[in-house]
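**Q** Chains as they are written, first to last, in the numbering used here: chain E, 207 to 446; chain P, 207 to 446.
Because the hints were derived from the structure by calculation, they are not lab data.
Just so you know, not all the hints are guaranteed correct.
Straight line, CA to CA, 16 Å or less: simulated EDC-like cross-link-like pairs of lysine to aspartate or glutamate [what the hints assert, rightly or not]:
1. P/K380 / P/D412
2. P/K380 / P/E273
3. P/K349 / E/D412
4. P/K380 / P/E392
5. E/K380 / E/D416
6. E/K349 / P/E273
Computed spacing ranges between beta-carbons, pair by pair [said to hold, decoys possible]:
7. P/E250 / E/D229: 31 to 41 Å
8. E/E224 / P/G249: 32 to 42 Å
9. P/A420 / E/A272: 12 to 22 Å
10. P/A221 / E/L423: 47 to 57 Å
11. E/A272 / P/M207: 25 to 35 Å
12. P/H280 / E/I418: 36 to 46 Å
13. E/D220 / P/A304: 54 to 64 Å
14. P/G249 / E/E273: 49 to 59 Å
In this text, a Cβ means the ideal position worked out from N, Cα and C, and glycines have one as well.
There are 2 protein chains.
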Amino acid sequence: MDVAAAVRRIPGFDALAERVLADLLALGRVAAPPSGTVLFTRGERPADLHILLSGQVALLTGSGTAETVVEVVHPVDHFMLPTVLLDEPYLTSARALADSVVLYLPALALRRLIASQPALALPMLASLSRHYRLLLRQVRGLKLHSLPQRLGAYLLGLHQEQGGGPHVRLPFDKRILAARLGASPEHLSRALAALQPYGVRNRGRDIALDDIAALALFSDADADVGPSTPLSFSRQESPP
Amino acid sequence: MDVAAAVRRIPGFDALAERVLADLLALGRVAAPPSGTVLFTRGERPADLHILLSGQVALLTGSGTAETVVEVVHPVDHFMLPTVLLDEPYLTSARALADSVVLYLPALALRRLIASQPALALPMLASLSRHYRLLLRQVRGLKLHSLPQRLGAYLLGLHQEQGGGPHVRLPFDKRILAARLGASPEHLSRALAALQPYGVRNRGRDIALDDIAALALFSDADADVGPSTPLSFSRQESPP
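So that you can see chain E by itself, here it is in the shape it has in the complex:
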């Protein structure tokens, strides 16, 4: 795997200078945690920044039946960067949902590299800004919208991400989706049924969306979203 090329696929990291990227990668090691591996546990101090190169990782909190998914990470992306930068205890645990490939960047060495090469802070700032906005949309959805509306918005996000076809494929099983939306599996089933009048037909992990316009109107579109890829601010407007 071309790790340098993969890291450049992180939104915001595309414009990273060759030399800075080389310094960053020189810190790291790549490993392949199998599905089910716990990468870190809530309350631990961060030893590494994790960059998911392939596979899927859930950020979890709580335990047993009260376990919930804060976010599902898709490649290529870093996760829990704020915890690593501030050197504070993790607020979530992380568990591989699929066989994954992860780049580990030692936390202390990374903080030192950023302090000595602030150019590295620019893509991180852009990228963290994007993470912040995704989380803000979640907060807004959780406070303002019903579960069917949040589910509808989530499906519309997948629809856009997966090319706009007549159905979407859930990137993980329904138990994880329920937790990601802050609901029990039972409530998720009821929410899926509640979306039938808006053209949503449940086919296991494939979900048909027969009436995008009606679903968008019902869901308020912004109630929740999956990953998106805004532009990097550092590239758009570098000074002349």
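Position chain P relative to chain E; hints supplied.
**A** Using the frame of chain E, we list chain P on its own:
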């Protein structure tokens, strides 16, 4: 008001180099929006980064009875930095809850300054990391905890922030508190009543906390928090 000294009070900004801070402040203008002023509206493109120097600002979304408070900003802090950095539409509106003093930094000039002086990105990265973690705690609380638990955790956060006395004073009225916790005013009243067995006595904007240990046990302490002030990563570990 000593604006430079105020800006240094933003967590993460304390270690900002004199020269960089001077360049930053040279961009800005200070204004005093009275209580009720709308600073920006959801959907607008950002014209300025706002730094609250004194007063109080609510970040709002929705409208009418469905209006909700994503966060309440206390001085000194910037807000919606990610929107300004990415030059995307605001996800929330902002309204002064009290007569306030605000530093306006023009968005385009700020992005150019950061690109040309990446040292400025370090405190922003630390500060945004802190905002991210606060939002993550909100998401976790909203997904995992009941309203009384979130209220209890919020009161405990105030308790710590206000010096640990036998009662806390709400920094805003109960309607705003309800929205901040993602609840209606009626549900907030019921949640306050539900906390009576844990020593919580409602006295308008003053709330007596008679049994901190019991409240902490019930609330899981981490269910939600107000502002906190972690260390700056850039200061802790600058290379020798």
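**Q** Taking the hints in turn, state whether each one holds.
**A** Taking the hints in turn, this is what the structure says about them:
| no. | hint | verdict |
| --- | --- | --- |
| 1 | P/K380 / P/D412 | holds (11 Å) |
| 2 | P/K380 / P/E273 | holds (14 Å) |
| 3 | P/K349 / E/D412 | violated (25 Å) |
| 4 | P/K380 / P/E392 | holds (10 Å) |
| 5 | E/K380 / E/D416 | violated (20 Å) |
| 6 | E/K349 / P/E273 | holds (9 Å) |
| 7 | P/E250 / E/D229: 31 to 41 Å | holds (39 Å) |
| 8 | E/E224 / P/G249: 32 to 42 Å | holds (38 Å) |
| 9 | P/A420 / E/A272: 12 to 22 Å | holds (20 Å) |
| 10 | P/A221 / E/L423: 47 to 57 Å | holds (49 Å) |
| 11 | E/A272 / P/M207: 25 to 35 Å | violated (47 Å) |
| 12 | P/H280 / E/I418: 36 to 46 Å | holds (41 Å) |
| 13 | E/D220 / P/A304: 54 to 64 Å | violated (42 Å) |
| 14 | P/G249 / E/E273: 49 to 59 Å | violated (35 Å) |
Of the numbered hints stated above, those contradicted by the structure are hints 3, 5, 11, 13, 14, listed in ascending order.
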